[in-house]
Amino acid sequence: MKALTANRLNDGEVVFWRKGQWVEQFADADLFADEDPAAEAAEGHAKNQPGVVVEPYLIDLVESAGLWAPLSYRERIRALGPTNLAHGKQTRGGAAIEALLHAHGAARSSGRVDLIKRK
Amino acid sequence: MYRYDTIDKDMLADRTAEFRGQVARRLAGELTEDQFKPLRLRNGLYLQLHAYMLRIAIPYGSLNPVQLRKLAWIGRTYDKGYGHFTTRTNLQFHWIKLADAPDIVDALASVDMHAIQTSGNCIRNVTADPYAGATAEEIDDPRVWAEAIRQWSTVHPEFNWLPRKFKIAVTAAARDRTAAKTHDIGLNLKRSRDGTLGFEVMVGGGLGRAPHIAQTIRQFLPATRLFSYLEAILRVYNRHGRRDNIHKARIKVLVATLGREAFASQVEAEWEKIGQTPDLPDHELARIRGAFAPMSFATLPPVSEAFEAAKLGDPALARFARNNLKPHKVAGYSIVEVSLKAIGATPGDMTSDQMDVVADLAEAFGQGDIRVTHEQNLVLPHIKLDDVAVVWARLAKAGLATPNMNLVSDIIACPGLDYCALANARAISVAQHIARKFAEPDRAERVGELKIKISGCINACGHHHVGHIGILGVDKKGEEFYQLTLGGSGAEDAAVGQALGPALPYDKVADAIDTLVDVYLRERHDGERFLDTFRRTGVAPFKEAVYADVD
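Quick mapping for you: the protein sequence lines, in order, are chains A and B.
For what it's worth, the numbering used here labels the leading residue of the first sequence as 1, then goes sequentially.
For what it's worth, the numbering used here labels the leading residue of the second sequence as 1, then goes sequentially.
I should point out that these hints are in silico values taken from the structure, not numbers from a laboratory.
None of the values given here were measured: they were computed from a predicted structure.
Hints may be right or wrong, so weigh each one.
From chain B, some residues computed to sit far from chain A (all C-beta separations above 10 Å) [said to hold, decoys possible]:
no., residue
1, Leu47
2, His50
3, Ala51
4, Asp194
5, Asp442
6, Gly448
According to the in silico footprint, chain A covers these stretches of chain B (three or more CB under 8 Å from chain A) [stated by the list, open to error]:
no., region
7, 29–35
8, 71–80
9, 228–237
10, 284–293
Below, a list of computed lysine-lysine pairs in the DSSO-like style, where the Cα atoms sit at most 27 Å apart [claimed, not checked]:
no., chain 1, residue 1, chain 2, residue 2
11, B, Lys9, B, Lys70
12, A, Lys47, B, Lys37
13, A, Lys89, B, Lys97
14, B, Lys97, A, Lys47
15, B, Lys190, B, Lys248
16, A, Lys89, A, Lys47
17, A, Lys19, B, Lys97
18, B, Lys9, A, Lys89
All residues carry an ideal CB built from backbone N, CA and C; glycine is no exception.
Work out the full structure: start from the sequences and follow the hints.
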C-alpha cells in the first residue's frame, strides 16, 4: 500500500492526500493499493499545487496492529512527531497513532517510493 | 557588548524588508520553490521534517538579557515554547510557519539579531571562547576580533558564494573551548616576546564526511594584518576549491590535497599582492574594543565566607560548585556554567521560561552578560561568589543546575532524525538513554571528564569525530544503527576518533557506553581521563568488552 505526503507551504506542516484535499493526520489519508494508478495520478495532481504544498511524494506502507503505517521510521516520525518530546501529531492519540507507534521494519531508508530514480 | 550602529541597523532593515517581500511572493505563487529555496536559506530558514526551522545567529555566542528575552518571546509566540542551541552557538526554532517568518526576523532585528549567513556557502557565525573577558587564561579578548570578523564577513560580496560553507573560530587561551582545530580557520591569539599581538593561523579543519584537524600555516600573524591574511586564504580557496563536487568542496580538502606548505605558500603569494597596508584601521579596532571594555568589578576577597558556609550546609550546592563553576580572572567572582543537559532532556533545548530565568539572573547578578557554548550549554561569565548560592537556587528551580559539566551526561547531540531532513538516525533519544544510565551523580563524578558527541548523519553537526566517545547514526537497510568512535578530541589536543567496530543497533548503544565506562574505570591509572586511558591502552580492551557483550 501507498500514501501521498508533502509539507504544506505556508506552515511546513506534514500533510497527507485525501480525496483531492490535504489532511494533517496519517489516519485520515487515502491509501492506494500498490498497483493502483490513482496513486500516481494523485501525485501528479499534487505536483500541480506548488502554491499549496512543497515536494509531494508517495510513501510505502506496512501493516501494523491490523492498520497501515509508513514503512520507514523517518516517515513514521513525520506522521507522529519527534520521539524526544510528545508534542507533535502523536498528541492526538487513538488506535491509529498506537499502530504507528508500534510499527517497525523498513526496507528502504526513506520509505519514499522511487527515491533512487528521482535522485 | 557590541551594539549595532546605524550601518548595521540600516543593512538589517533592508534585508528584513527584502525577505518579507520574498516570502509574500512565494505565498502568492509568484516564486517557485526552486526559486525561493536559496532565498530563504540565505535568511536561515530551512524546511525540515515537521515544519520550517529558523536558525538564528548568535555571534561568538554572546547574548544580552534583552536579546534572550526576545528569543523567549519568539519561542512562546511562534514556536512551541522552546528553542534549541546548536554546536555553532546558534539558536534554532523547529516549529516555524513560513507566513510568520518575516515578523520573526523583524522581532530579531529589533534586538540587533538576525538569521543571515546561518546557511549557504558563505562565512558562517563566528565562534569564540565562551569564557572571553572572564578567564585569566586569555591573551586578549577574542570577542574583539570575532566582532571585527563578523563585521568584515557580513554580506561580504567577494565571499558570499564560496565553494562551500566556511567557519571561523577565535580563541585566546591555551585551553581551547571553541574546537578551533575543527574549523575552516582557527585563530589562536598569541603575544610575541616584544608584546605584539598576533594569531596562530590554523586552516583546513572540518568534520563531516572526511574529518580533518586544522594545520598551522602561520605561527604568528601580526594582528594588524589579520584581514588581509584572511582575504588571501579565502581568495585561494575561492579560486581552487572544488565547486564540481560538494563532498570535496570544503577548504579542508584543498589543504589536504595541496599539502600544508603548498597551500601556505599560495596564501603568502596572494597576501603579497594585497600589499602591506594595515587592514583594520586603528580607530575601528578601538571602536570595537571599546564595546568590550573591562566591566566594573567590585574589590572582593578571593574567598566568599558566605558561599563557603552555604556549600558546607548543602551538598547539592557543593556538587554544583565542583562541576559548574570555573575560575574568574577577578577575585571574588566566578564563571557559572548553566547546564542545558538535565538528565533525560534534549541536549541544547531551552524553554522560553528558562530563557527568561537566565536573562533575569544575568541582569540581577551577572552584568547582563550571557554566553552560549558550542557544547550546547550557557554561561553566566561574571557572578560574584557571594551570589552563587542564590543564582544556583534559581537555576535549580528552573531545571538549569544539573551539575554535569564535562561529565558523561553533558552530551552534544544534533537534532537528528527527530527534526532534521538530512539525518539518517535519531541522536537526541540516544543521548537521553545514555544520560539516564549515568543519572546517579556520584558515579558520573567518579567517571570524570568524558565527552560524548552524537550525530544523526555524516554531516557531523554533533561533532562525533571529536568526541572522547563519538556516536554516528547510520541507516542500515532502513534501520537505525550507530557507529562508535573512541579517542577523539575537539580541544587543544584535537584528534579524530578511531572506529570501535561494527555498528550497533539503537537499543544496544547505551549499554555499550556503560561497558566502555566500566573498561575505563578498570584500566585507568591515577588522574587519567577516559581520553588519556584510551590513548595509553588503545582500542583493544574497549572493543573486546563491547563486542563480547553484544555477542
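**Request:** Tell me, in ascending order, the numbers of any earlier hints that this structure violates.
**Result:** 1, 2, 3, 8, 9, 10, 15 and 18
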